[in-house]
Each structure stands twice: as C-alpha cells, then as structure tokens.
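Chains as they are written, first to last, in the numbering used here: chain A, 1 to 239; chain B, 240 to 478.
Each hint should be verified, as a subset may be incorrect.
Stated by the list, open to error - Quick look at which bits of chain B chain A covers, simulated, 3 or more residues with Cβ under 8 Å:
1) 286-299
2) 357-365
3) 381-389
4) 428-436
If you're looking for bench data, these hints aren't it; they were derived computationally from the structure.
Glycine included, each C-beta is placed from N, C-alpha and C at the ideal position.
If you want the building blocks of each chain, they are given just below.
2 protein chains.
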Amino acid sequence: MEITSPNNEKVKAWQKLKQKKYRDLEGLFLIEDEHLISEALNHHLVKEIITNDPSLTYPISTYYVTDHIMKLLTDQVSGAKVIGVSKKIKEEEIKGNLIILDNIQDPGNLGTIIRSAVAFNFETLVLSNDTVDIYNPKVIRSTEGMLFNLNIIRTDIIPFLKSLDSTYLKVTTDVKSGKDIKGLNKKPMALVIGNEGKGVREEVASLCDEKVHLEMTKICESLNAGVSASILMYEVFHG
Amino acid sequence: MEITSPNNEKVKAWQKLKQKKYRDLEGLFLIEDEHLISEALNHHLVKEIITNDPSLTYPISTYYVTDHIMKLLTDQVSGAKVIGVSKKIKEEEIKGNLIILDNIQDPGNLGTIIRSAVAFNFETLVLSNDTVDIYNPKVIRSTEGMLFNLNIIRTDIIPFLKSLDSTYLKVTTDVKSGKDIKGLNKKPMALVIGNEGKGVREEVASLCDEKVHLEMTKICESLNAGVSASILMYEVFHG
C-alpha cells in the first residue's frame with residue numbers, strides 16, 4: 001500500500017509512537033534497523049512495515065511511503081529506510097537469574113545491560129517504574145536485537161523484592177563495604193543495580209541479602225553502571 | 240573579569256573549541272562539569288574559567304559572563320553554570336598495560352573504556368587516528384574525570400604495534416576462534432579493541448600474538464565494545 005501524504009491518519013498514528021505516552025497507550029513501538037526488524041519478525045511481534053524502498057518486500061502488511069514521511073518517523077539523523085511497527089514484548093512470570101534496575105536513566109546503559117543479560121544468561125530483567133523506557137529508540141538500537149530474547153517486567157521493585165521467593169539470593173552493589181563478588185554462592189541470583197549518579201536507594205538496598213563490589217584501583221571510585229552490571233553478570237555466569 | 244557581549248573575541252575563541260579542528264589547533268578543550276573541572280585543576284591543566292554565577296571563585300583567571308554566552312558555549316541541553324578551558328593532556332612514553340582502540344566511534348564507549356582502564360590499572364590508552372576525539376564533550380562527561388589519570392596517545396596503530404617491545408603480549412578479540420581470556424599469561428599486555436560494527440581490522444589482528452573471546456550464551460553474538468573491553472581489562476587486573 002502506498003502513502004504519500006504526511007497528513008494520512010496512519011502516518012499521524014505512527015508519529016505518535018515516538019512518544020512514550022502513546023507507546024504505552026497503544027502497546028506498540030517503532031523499530032528502525034533491518035536486523036532488529038528481522039529479530040522482531042522471528043518473535044512474531046511486527047504488525048506492519050513502513051519503507052521508502054520499493055524493492056523491499058516483507059511477509060506482512062507493508063506501507064510504501066515518501067522520503068519525507070520516513071524523516072517524520074525516524075529517530076536517526078542519518079534517516080532510516082525501513083521501520084517496523086512492533087507489538088510490545090509480553091511480560092512473563094520470572095525465571096532464571098534476575099537483573100533488577102533501580103532507576104537507570106541512560107538509554108545506552110539500559111541497552112548494554114539487556115545485551116549483557118542475554119550474553120550471561122540472566123533470563124529476566126526487572127525495571128523499576130522510573131527506569132528509562134525500554135521502547136525508547138536509543139535503547140532498542142543499543143540492544144542489538146537482544147531485547148526480544150529476554151523476559152522483561154516493569155514494576156514497583158520494593159514490593160517485588162519483598163515478595164520474592166527466598167531461594168533467590170538478593171544482591172546489590174556497595175563500592176565501600178561490599179564483598180568481592182567472587183566469593184558468593186551465586187545461583188539463583190536477583191542482582192539489583194542502582195541509578196547512575198545516586199546508586200541504589202537505601203530502602204531497596206536494605207531488602208538485599210548481600211552487598212558486593214568489584215575490586216579496582218584506588219584512583220577510580222566507580223564504573224559505568226552498564227559496565228558494572230555486565231561484569232557482575234559475567235562473574236555469576238562463570239562462577 | 241566580566242564579558243557581556245557574545246561578539247567579544249574571547250567568546251568567539253571559546254565557541255570555536257566546540258569543533259575538533261580548533262581544539263587540535265589551539266591544544267585546548269572545554270570542560271563543563273564542576274567535578275571534572277576540579278580534576279583538571281588538580282592536574283594543573285585549566286587555563287581559565289567561564290561562569291554565569293558571580294558567587295563562584297577560582298584560583299585562576301575567571302570570566303563572568305551572561306546566561307546567553309553560557310548557552311553559546313555549552314554542549315548540554317540543560318546548560319552549564321561553569322565551564323573550564325583546559326589544556327590537552329600531554330602524551331607520555333608508554334607505560335604499564337596498554338589498551339589500544341582501533342576506530343572506536345561512540346563517545347560513550349570511549350568514555351566508559353577510559354573509566355574502566357583507570358579502574359583496572361591499564362596505564363596507557365592508545366587511540367587510532369580515526370577513533371573519536373577524546374576531547375569531544377560527550378567523551379569527557381562519560382569519563383567522570385578519569386581522563387586525567389591516564390596516559391593517552393593518538394597514533395597510527397599499525398606502525399605502533401609493529402614497533403612495540405616484544406615483552407608485550409599483543410592480544411585482540413575474536414568471537415569465533417578466540418581463546419578464553421582466563422587461560423592467558425596476561426602481563427604486560429597490549430589489548431586491542433576494534434570498531435563497534437566492523438571489529439578489528441585484519442591487518443591489525445594479524446599483528447597480534449593471541450586472540451581471545453569471552454564465553455557467553457549462544458543467543459548473543461557479541462557484547463557492547465565498551466563492556467567487552469572492560470571485562471577483558473577486569474580479567475587481566477584480577478588474573
């Protein structure tokens with residue numbers, strides 16, 4: 001199907017998906033990269049495709065639009081030649097090791113943590129309600145498609161931690177008084193990572209069984225939150 | 240000293256430092272965060288301070304300017320209340336473990352790698368000529384001040400690797416055929432990390448003694464470059 005008018009109702013509806021409010025309302029989000037779209041297609045999440053390239057064909061509803069309309073929809077300065085409209089990932093029951101994020105704000109950090117969680121077999125990602133939207137285009141890009149291989153839950157993490165099965169070892173980080181992660185009996189683990197600047201909230205930390213840190217030189221006070229989370233998950237995977 | 244006109248020669252010169260060309264020409268760069276400025280002051284690199292806050296005092300030349308001038312100089316949407324004009328860090332002879340970057344493009348990745356290098360005692364960072372500028376404001380912010388604790392060299396890394404002392408074990412990554420990093424005799428090490436999308440150039444890889452990878456689940460093909468570099472440095476530090 002061809003669309004040439006930027007005032008077309010479909011175009012207006014797609015444009016709204018650039019805002020979190022409408023993504024939440026519609027349960028849909030935009031994906032800009034062919035590799036990511038094929039990942040989402042594999043997971044049967046793509047509802048329709050938008051492209052300005054008449055040579056592209058997809059096994060689902062495809063809208064052929066003008067370059068101008070593509071520019072209205074893309075998040076990238078360099079533009080996009082194909083955009084997928086995808087359904088959000090369904091939240092499932094928790095399973096496997098858990099990585100829990102308390103107010104992570106940087107989209108790149110969230111994307112990195114998603115990618116590392118899949119790499120190091122943390123099957124469930126739990127996001128506090130104030131963590132950056134996982135359907136933010138920057139987050140999606142930096143996951144390199146790994147987003148679709150993870151069980152993702154957004155919730156209030158205080159009651160979540162309180163109600164968590166006691167077989168889970170609840171662990172968070174403390175650069176000053178944490179134990180070395182290498183010494184811990186690690187599985188199954190619920191690993192809580194705090195905000196980039198402020199760290200984990202005290203109330204959240206108090207619900208954890210153990211506090212860990214990564215040994216480093218004295219000059220450096222802390223690592224990037226995405227790196228810190230990734231090294232801890234790496235240690236649990238290899239431990 | 241007070242400056243109110245955006246056409247003042249000083250203001251024009253500072254504005255030019257937002258471009259790499261002029262940073263290279265003048266050997267100067269701008270720093271936007273009070274914490275980073277104090278780190279640069281500790282290293283005797285700050286030449287002058289620019290602020291719109293009359294209550295701030297510094298032990299060096301300080302220019303009090305209008306909000307409008309601050310807006311012309313800042314890289315941040317939220318603005319800045321103090322900006323330091325800093326001299327670039329002097330390149331020294333190589334020392335300690337080396338982390339070598341072959342065309343890293345993302346400022347956040349470079350910042351993260353700088354921070355992790357300091358954390359895990361890699362004393363020298365070698366950047367290929369096509370790696371993102373370390374004096375890019377986004378890089379500087381994401382280093383959290385650690386930039387000033389590292390010996391940083393920008394060069395053509397092919398002749399650099401060729402001329403490197405044979406006591407260094409030259410290591411790069413190969414997700415398909417690399418050895419597990421845990422098995423390596425690790426020090427002193429020259430660790431080469433490749434571009435985010437394309438990896439290490441073949442010519443660069445062929446100059447390395449060993450190829451390593453990090454064990455991970457089969458679903459995930461690779462990690463974020465900053466994370467991968469950080470975990471490898473962590474393993475060398477702890478190995």
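So, going through the hints one by one against the coordinates:
Coverage of the segment 286-299 of chain B by chain A is violated in this model, with 0 residues showing a Cβ closer than 8 Å to a Cβ of that chain against a need of three. Note: the segment 357-365 of chain B has 4 residues with beta-carbon separation from chain A under 8 Å; the three-residue rule is met and the coverage holds. Given a C-beta distance limit of less than 8 Å, the hint that chain A covers the segment 381-389 of chain B holds, as 4 residues qualify and 3 suffice. With 0 residues having a beta carbon nearer than 8 Å to a beta carbon of chain A, the segment 428-436 of chain B misses the requirement of three or more and the stated coverage is violated.
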